[in-house]
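All chains should be modelled from the sequences, with the hints used to inform the complete structure.
Each residue of the sequence shown is one higher than the one before, starting from 2 at the first, in the numbering used here.
Hints listed in this document are in silico derivations from the structure and should not be mistaken for laboratory results. The beta-carbon is built from N, C-alpha and C at its ideal position, and this holds for glycine as well. Careful, some of the hints might be misleading.
[Claimed, not checked] Ranges of calculated distance between the beta carbons of each label pair, as one might list FRET restraints:
1) Glu-49 with Glu-16: 39 to 49 Å
2) Val-86 with Glu-49: 19 to 29 Å
3) Val-19 with Glu-87: 17 to 27 Å
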Amino acid sequence: MDQIVKIQQTTSALESEVLYEYSRMVELLDRMSDTVHDLSGMPPHLLENLLPLERKMGLVLTLFKASVWSVLVQKQRESEARQFVER
Numbered sequence: 002m003d004q005i006v007k008i009q010q011t012t013s014a015l016e017s018e019v020l021y022e023y024s025r026m027v028e029l030l031d032r033m034s035d036t037v038h039d040l041s042g043m044p045p046h047l048l049e050n051l052l053p054l055e056r057k058m059g060l061v062l063t064l065f066k067a068s069v070w071s072v073l074v075q076k077q078r079e080s081e082a083r084q085f086v087e088r
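Take a look at the structure:
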């Protein structure tokens, strides 16, 4: 808990919100990992039925990575634009 307070003191509100969302995402990914681990012990014919879900999860991961990349590129461009204007 002390770590969360320290982070909040040194970051802006938006940064804190983003960090909070990332921590929630980590918790969800951990839960999903545990569930996948449990499912890996299932009989093969049941796992074959999960193949479409696996593909969809891969698509979601790809879209998430693209979204994060887009935000990072946008922030970099904004930063470069601000530096150009300041000159």
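Against the structure, the hints come out as follows:
Restraint check, Glu-49 to Glu-16: a C-beta distance of roughly 44 Å satisfies the suggested window 39 to 49 Å. As the Cβ distance of Val-86 to Glu-49 is approximately 57 Å, the hint placing it in 19 to 29 Å is violated. Taking 17 to 27 Å as the suggested C-beta distance range, the pair Val-19 and Glu-87 conforms, at roughly 25 Å.
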